[in-house]
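Q: The listed protein sequences correspond, in order, to chains P and X.
With the first letter of the first sequence counted as 1, position 415 gets the number 415 in our numbering; the numbers rise by one all the way through.
With the first letter of the second sequence counted as 1, position 308 gets the number 308 in our numbering; the numbers rise by one all the way through.
Treat the hints loosely; a few may be bogus.
Listed next, the stretches of chain P that the computed footprint assigns to chain X, with coverage defined by at least 3 CB atoms under 8 Å from CB atoms of chain X [as the list claims (entries may be wrong)]:
| # | segment |
| --- | --- |
| 1 | 129-138 |
| 2 | 241-249 |
| 3 | 330-340 |
| 4 | 352-364 |
| 5 | 395-404 |
What the hints contain is simulated information worked out from the structure, not anything from laboratory work.
In this text the structure is predicted, and so the values were computed from the model without any measurement.
C-beta atoms are modelled at their ideal positions from N, C-alpha and C, and glycine is treated no differently.
There are 2 protein chains.
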Amino acid sequence: MFVNKMPRYEILSADAIAVLERGWRRIVSEIGIQFAKPEAVELFAKAGQQVDGDVVKLDPEFVLEQVAKAPREFDVQARNPANNVHIGGDNMVFGAVYGCPFVREGDVRRDATMQDFRQLSMLSQAYPELDTAGGVICEPNDAPLDSRHLDMIYALATLTDKFYMGNVVSGPNAADTIKMTEILLGGREAIERTPALISLINCNSPLRWDDRMLDAQFEYCAAAQPVVLTPFLLMGAMSPVTIPAALTQQLAEALSGIALAQLIRPGCPVIFGSFLSNIDMQSGSPSFGTPESALGLLCTGQLARHYGLPFRTGGGLNSSQTADAQSAYEALMTLLPTFLAGTNFVMHSAGWLEGGLVSCYEKFIIDVELLRELRVEFTPLEIDEASLAFGAHEEVGHGGHFLGAAHTMERFRDCFYRPMLSSTANFERWLKLGAKDTAARAGEIWRKKLEDFTPPPLDDAIRAELDDYVARRRRELGD
Amino acid sequence: MFVNKMPRYEILSADAIAVLERGWRRIVSEIGIQFAKPEAVELFAKAGQQVDGDVVKLDPEFVLEQVAKAPREFDVQARNPANNVHIGGDNMVFGAVYGCPFVREGDVRRDATMQDFRQLSMLSQAYPELDTAGGVICEPNDAPLDSRHLDMIYALATLTDKFYMGNVVSGPNAADTIKMTEILLGGREAIERTPALISLINCNSPLRWDDRMLDAQFEYCAAAQPVVLTPFLLMGAMSPVTIPAALTQQLAEALSGIALAQLIRPGCPVIFGSFLSNIDMQSGSPSFGTPESALGLLCTGQLARHYGLPFRTGGGLNSSQTADAQSAYEALMTLLPTFLAGTNFVMHSAGWLEGGLVSCYEKFIIDVELLRELRVEFTPLEIDEASLAFGAHEEVGHGGHFLGAAHTMERFRDCFYRPMLSSTANFERWLKLGAKDTAARAGEIWRKKLEDFTPPPLDDAIRAELDDYVARRRRELGD
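If we strip away everything but chain P, and leave its shape as in the complex, we get (with noise of 0.2 Å):
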């Protein structure tokens, strides 16, 4: 977890954020927001909203006061204690890559299978830069359909002792990582008391809430477990092609899938998420890294902190078919806002390639060096007296050099960021490296990390616990 105590960067007006407050107040109220499940329905409607089939026309001051029941900030416990977190303020909690079907090792791009997921969630385990392996962070093709979910979990509660994030493509599947999650962390109670999970709940946009998205929020937050309402736009397709637009609808139904959650259970944490970027109109295809996400993004801060939310946003973003430059400036493009907006929960920051179809084991060591440089670059300097080294200048002179001065001896080892893998070396000692590429230094590094790794330590115990739950649910599942 990182904590940023620099200035936030905001570029939104009261009277914008007063036409946004207006934009999404008449959107619910007079569209509606359409919630897939008729539970979801029913509690809106015994709330006194007006109800049309499976659209909630919503009262926004009804929303606004269901919002208020949420908790401005919250913890969220690991295994290993070491590793908990605490979502709002000015903590950033970070996560890998989620969702991708497909890998990439150097120049293979290929199916991604269960031994992936799990070298992933090693790698994930190894950088302290993340604070959880996230999910999905490859989708295991491999493993059976059914328990793959199963799989995944025992994964991530195995090789990690970071919190992780719960499964959400059905009800049952949520049920049993909440099941699998009390064994690992003491009973139901223990992780009402401080929860461990976090899930994404996607809205499908515009204004609708799915039916297998919502049977996993119901189990989530009946448990009092966090879950990511996140709007999915990406402007031109899901949302019209204007920022404010986009945002006005971002507001909409985030707040309304917010309201939702705190009917289920009054006071169940939850964080205001965001997906925001465009469709590239010449291709169709999406756009990531682009200006108009980086803008989105740090509106969408500062539209969190307004409501007194937690907010999610950014990763290593990009369209990028490999690691290549435009892998990097786009991550970059989207990981720099990410800090300037505070963001409090980042998803998909390490690993994300190709508009995330792909987890790729490269990308993943650039956005780690990417997320160290970051932390470094948002710590506050101090300044002070003593950090203006009069000393040395009375030492060195004029036209002299710092190298043997006793300010820089004293400091040398820690005083710079230090890379791990950027190169500085000359052209000469480069080509006696062997001329490597950054993607080829990453394959390196990423190859060395899983040949060193040792998993966390577990209890026996739980460990025979949570494999005869896999083995039963498995047999349940028929796979």
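Knowing the structure of chain P, use the given hints to seat chain X on it.
A: Chain X in isolation, oriented as in the chain P frame:
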């Protein structure tokens, strides 16, 4: 020229600025600044400053009085008035890379030639994101040393119709630059009225201004041509290893150089220069695109504004050996803060590779893409009722899509940033297009751009006069 109307990202408190202010005052008054040119020392002595050999101990109040004579903003004329720029305020002016002895095209790294100089000038002319090719866009090693500056200025004057930077290798070279620019723009009076050259005067940090640079400064300031007084600070070598110390030293050096400019010619336009990064304490090589350099950059902007001076920072700096991921993320790690700081004059905006040793054609194109994106990203949003596109929501409803909505159809051509280099092609299409990474695509783009190049028109009489001048001076210089 880009007008940056977004907020500045400021990270220094008033207290911190006061500490830094006390710091430079102490350096200039107690340690003093070395000026390796008797005429400079004499000017300071005449103005009542304490002189000890070539070291001048400056009264800080005197320095600030001189600094106050410099204009806060000024115009620079180009031979095509459409390319005139205004330095200061919200304006950002961009120049290409400067000073590289080598070039890279694709996998080939070699000595730079005059032909490279011409080609890189043509590319700078071709992209409107660049306001100037700069000066030494690469070092043409195949041109005779003594008359090389004539060839370079001739290329800049004829292949571009943007302003260019003056040669600073010696006083006579500066005088030649000024003469040729007089020919181009209608005489001495014309360029004294509105300056036409910006020249880079580097400090031999710490705390020493060298004779040849000062010779050039005297020529340019006497002709009322702006100079960028730039402390050259790689922390750990030319300055202490703490950022506050580097900032303090930077103030001492830049303000002393600016004071000299005002003694040479009161009111001479100047730019507060910054070139601030650090050495890698492991390799001893310079590092670029570091967190420390980004922090230094943000602080520099704030300090320059504090003293009412236009400033120079930033660029697409990096230490990478090829146009790979590192080159891109380090470049953006510098360029994005450059926009956050609202830098008035940005050298090295396109083409910089390998710590500035290499002008890289592919990196040039990557940087232009970044500049194009950042211009969009730093354009304020217009947020009003109409931008919310409520009608589009009424049209599309719940769970639909906006691809064919009237609001989208009216705007699809220019609603989003259109990439020049970045690819959003899906994997199959990307394979079909040759599986080219970003650098390979950039290689195609610059070659096509050069093929399509048409030089800007130039009056025959002026060209003839320039030819005569170059021929005469070449004879005089014995080349």
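Q: Which of the numbered hints above does this structure break?
A: Result: hint 1 breaks, nothing else.
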